[in-house]
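**Q** Each chain, written out:
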Amino acid sequence: MRKQHTHLSDEALVALVARGDEAALAELYDRVGRTAFGLAQRVLRDERHAEDAVQEAFLAVWRTAASFRAERAKASTWILTLVHRRAVDLVRREERRRTEPLGDAHESTLAGEAQATEEDAWIRFERERVQSALKQLPDVQREAIELAYYGGFSQSELADRLGVPLGTIKSRMFSGLTRLRELLDDSAQEGSWKPEFTS
Amino acid sequence: MEAGIHELTAGYALDALDPDEREAYEAHLSGCESCQEELTTFWETTAALAVAASGPEPSPALRERILADVRAEPPQAVVPFEPRRRLAVPVLATAAAIAAVVALGIGLWAADVSSQRDEAREALERERATVGILADPSVRSVSLQAGVGRLFVSSEGKAALVLAGLGPAPAGKTYEIWIIEGGTPAPAGLFAGRDATEVVGVDGAVGDGDVVAVTIEQAGGVDAPTTPPIVTSDPV
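These protein sequence lines are chains S and Z, in that order. The numbering used here numbers the first residue of the first sequence as 1 and each following residue consecutively. The numbering used here numbers the first residue of the second sequence as 1001 and each following residue consecutively.
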């Protein structure tokens, strides 16, 4: 296995994965796996199911890497999109519903100051950035986004649950995500995924 | 109902559409550039939501399971990187597994949304374009006569070298790439070199029968090679 892969960009790794390079997939997993797992666990609220979602998503990465448009997109975004889609499909199929409040489930799980890694620090920074942006949204918009993204609820499920018309949910989601995008752009530091590119 | 379907972009990015609307939206998306662009930027936003959900490391067993899965895949499902020289085969997989994925992977990644400008971004774009060559299904893999790595050439003549750790060029020097057509080398780009595997784009079109080579030259590059090549491809 080629450990030199650590110096390649995520996008270069996907290109190598498309050519059947296992070490490149392993390296991608080492970079994105932790976030992928945290996301799946947030949606599925179950370690075993979260692992299944991540496993299936990475198998999809392996099989479809050739279809990824490397010249246009961040590979990490693509992978997280696949993971989220799998997690939501699973949570809906399982009907294992998510009635608990959507708290900050992982708040206490980052390493303490003493042994905090660079990655911990980066995640903490990103989390604060996202949370502070979410707090600036009107409550109903934030609620729609959080319940959809972290709870896996569909728009019609949300309309039922919240007792508002479907059209209202759609507009809340659209306005909320548009506003969130602006807020995050405003606070963006050069690229949101650890940039490691050299030419 | 146009405005309505555009609005679904947010729900789609959040994976919150109901199945019938998801289908309708995907059908619309394939022909709507503005939705493709919007979706791409919304996905950057949802990726930030994902990072904010990061928790502890998953169990090491998960990594092992994933790698075991990959090894168990039928070999024809992917194109081998190293050995055989052949055209890329379209990825085969079960329809069910793929359906959800294809829409995410193909054609939806609209270009340059934000307007960051600096060199790092240019370098990144150059690298993405280079990597795009590797991902091109028409790409040919050409072995090297000298040096460790491969040359990849698309049907349009775009080319990239994958080189295994040349190491940084000596002080005051640079690596220079050449496209040799009928015995005449033409400059095709400079790079600094590093210890790890790297992907280097070749500037200029590489035609049938051409050879791609790399020499070490004075920093800034020269018009014709002054040293023997350290990397030479087979004729394309």
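Please note that the accuracy of each hint is not assured.
Stated by the list, open to error - Short, incomplete list of chain S residues facing chain Z, as computed with Cβ under 10 Å: (1) 33; (2) 41; (3) 49; (4) 136.
Said to hold, decoys possible - Over the 10 Å line for every Cβ pair with chain Z, so calculated as not near, a few chain S residues: (5) 22; (6) 30; (7) 47; (8) 63; (9) 80; (10) 94; (11) 135; (12) 138; (13) 139; (14) 140; (15) 162; (16) 176.
The hints are simulated quantities; they were obtained by calculation from the structure and are not laboratory data. C-beta atoms are modelled at their ideal positions from N, C-alpha and C, and glycine is treated no differently.
**Q** Next step is simple, just say for each hint if it's right about the structure.
**A** Verification of the supplied hints:
{"no.": "1", "hint": "33", "in the structure": "holds, 6 Å"}
{"no.": "2", "hint": "41", "in the structure": "holds, 6 Å"}
{"no.": "3", "hint": "49", "in the structure": "violated, 12 Å"}
{"no.": "4", "hint": "136", "in the structure": "violated, 14 Å"}
{"no.": "5", "hint": "22", "in the structure": "violated, 6 Å"}
{"no.": "6", "hint": "30", "in the structure": "violated, 8 Å"}
{"no.": "7", "hint": "47", "in the structure": "violated, 8 Å"}
{"no.": "8", "hint": "63", "in the structure": "violated, 4 Å"}
{"no.": "9", "hint": "80", "in the structure": "violated, 4 Å"}
{"no.": "10", "hint": "94", "in the structure": "holds, 15 Å"}
{"no.": "11", "hint": "135", "in the structure": "holds, 12 Å"}
{"no.": "12", "hint": "138", "in the structure": "holds, 15 Å"}
{"no.": "13", "hint": "139", "in the structure": "holds, 17 Å"}
{"no.": "14", "hint": "140", "in the structure": "holds, 14 Å"}
{"no.": "15", "hint": "162", "in the structure": "holds, 13 Å"}
{"no.": "16", "hint": "176", "in the structure": "violated, 8 Å"}
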